[in-house]
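Participant: The residues making up each chain are set out below.
Number of protein chains: 4
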Amino acid sequence: MAYRFVYRRTVAFSDTDLAGIVHFSRFFLYMEDCEHAFYRAEDESVHKMSDGDGGWVGWPRVHVSCDYRKPIRFEDELEIELLVARVGTKTIDYRFKFRRVEDEGFTAVASGKALVACVRCKEGVMEAVEIPQAIREKIEQAPEGELKKFTD
Amino acid sequence: MAYRFVYRRTVAFSDTDLAGIVHFSRFFLYMEDCEHAFYRAEDESVHKMSDGDGGWVGWPRVHVSCDYRKPIRFEDELEIELLVARVGTKTIDYRFKFRRVEDEGFTAVASGKALVACVRCKEGVMEAVEIPQAIREKIEQAPEGELKKFTD
Amino acid sequence: MAYRFVYRRTVAFSDTDLAGIVHFSRFFLYMEDCEHAFYRAEDESVHKMSDGDGGWVGWPRVHVSCDYRKPIRFEDELEIELLVARVGTKTIDYRFKFRRVEDEGFTAVASGKALVACVRCKEGVMEAVEIPQAIREKIEQAPEGELKKFTD
Amino acid sequence: MAYRFVYRRTVAFSDTDLAGIVHFSRFFLYMEDCEHAFYRAEDESVHKMSDGDGGWVGWPRVHVSCDYRKPIRFEDELEIELLVARVGTKTIDYRFKFRRVEDEGFTAVASGKALVACVRCKEGVMEAVEIPQAIREKIEQAPEGELKKFTD
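Residue numbers (numbering that gives the first Met the number 0), protein chains in the order written: chain A, 0 to 151; chain B, 0 to 151; chain C, 0 to 151; chain D, 0 to 151.
Read the hints as simulated data drawn from the structure, not as lab findings.
Honestly, I wouldn't trust all of these hints.
Identical copies look the same in the list; a pair holds intra-copy or inter-copy alike.
For lysine-lysine, the following DSS-like pairs were computed, each having C-alpha atoms within a straight-line distance of at most 30 Å [as the list claims (entries may be wrong)]:
hint	residue 1	residue 2
1	69	121
2	121	148
3	121	96
4	112	137
5	89	69
6	121	147
7	89	112
8	137	69
9	69	96
10	137	121
11	112	96
12	112	148
13	112	147
14	112	69
Excised from the complex, chain A in its bound form (with noise of 0.2 Å):
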């Protein structure tokens, strides 16, 4: 059972714009690559994910946002943190931290949020459904004191 991961990647070129920085829309491609490394690692994949009965389960956004801090610029190595702050009977909620990893500790630049919700796609119609039990086992809220120390 988790409920936290951390996440490194380094910044691409073409993840900047031309003023010079990591465009914003990127940050949501980063914490997606979050959530799908933090599923690998529970061994599972978010699309390989039959249902079974010829569809598949997938996890499509029902709400995201992100506020940003400081700007972070190509080559930057960025340390993303994954925390599971609710498993609903259909949705999760995840949050993330993004911190810049400098030579001495690390500077705080954004943080996150995704609501997923569970669905299953059969013949391109998608329907809620409840989390898949063998998810349940390996995905977890986390206590709420660490919820709380890490979204102050």
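Go by the hints and put chains B, C and D onto chain A.
Facilitator: Positioned in the frame of chain A, the structure of chains B, C and D alone reads:
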């Protein structure tokens, strides 16, 4: 003076992901493109604004969010509506609504927010500044009733 | 029957990189969007083409290339011209020219190629197939003289 | 002195399109990221290279191409190999091979090219320049036999 803008676009193939729908991060590109088209309609360019002193004025995001109600797909026709919720001293707060254009009417698919800060960029350094008068003369805050109607 | 198409677009902020110019990879998105707009103008959609048997017909790329002559920038107005260089049994060979729209005339900025194959996709498997008759009736090869003029 | 580099990455969800495979344009981002990682391995950064005179040295593309042999999918593990085909006075010509990492060995999925020019950028103006000596001391041309083997 303007506080509202409507912008249309057709969903591109490269905006979709393997779930067969538009990737959630693309909604932020649509919002940004709508904001820039709004500026151009007001005879400004987001980018080309010189500060008259070797630097330029830009609008990095402080906070963004999006709420997703229905998936959209390749070649869907979208209408994106922007409303200026607030013009502060150094920030502008935008609201967005996404509608899919149907044969008869529209379907609401998503809504979003972007709080942007006015910064002056010179030699790679960004500094928050007051919104230039030239912008203030063109962009105004929506009347309270309009905002209420928009976000309800 | 058509073998030529012209498509306009304004360069988006998120298409730029820290060098202040449009990222080279975006030219391929512009070519693809132009190709799809060409299809739509011919009353077809690249995507929605059912094969009448539970699968669908798609056009993955076999080869693409781009030659860059001049950089383009945010809010530049682009004209992209497509020419059908060859319609084979299972492939179509497109040529593209990129021009920046100036106050007086145009500046040639880049040119590109895309060789696309017709495939049938069913249950995640792709198989090269002959181009459907409905497409052949709408898309034709440019006369040799036109192609020569285009690529000179 | 180096003329070869190997770089690994996992395919991201946002790299896929509705056909369920990686969008063809993403291969160019993978090539670019590989090239930049090659530079970093040689203790250089593509971006941060000052020209010692208020400008900086960059590497815009003159020509790129990609040949696609097999589709790749979300969470595939890729190995991208770079070879320096030629170091000219003002340009470097790179070759790339893409392999999917399998349980046993590799599958060749694509190959690419990028001809990049050395430019000096100052105050938004780009000018082609000779490749700086510091780069020449680190990046060399592959021996002819190696290039032949690579591209066969």
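Participant: Starting from the hint list further up, note which numbers the structure goes against and sort them upward.
Facilitator: The structure conflicts with hints 2, 6, although it agrees with all the remaining ones.
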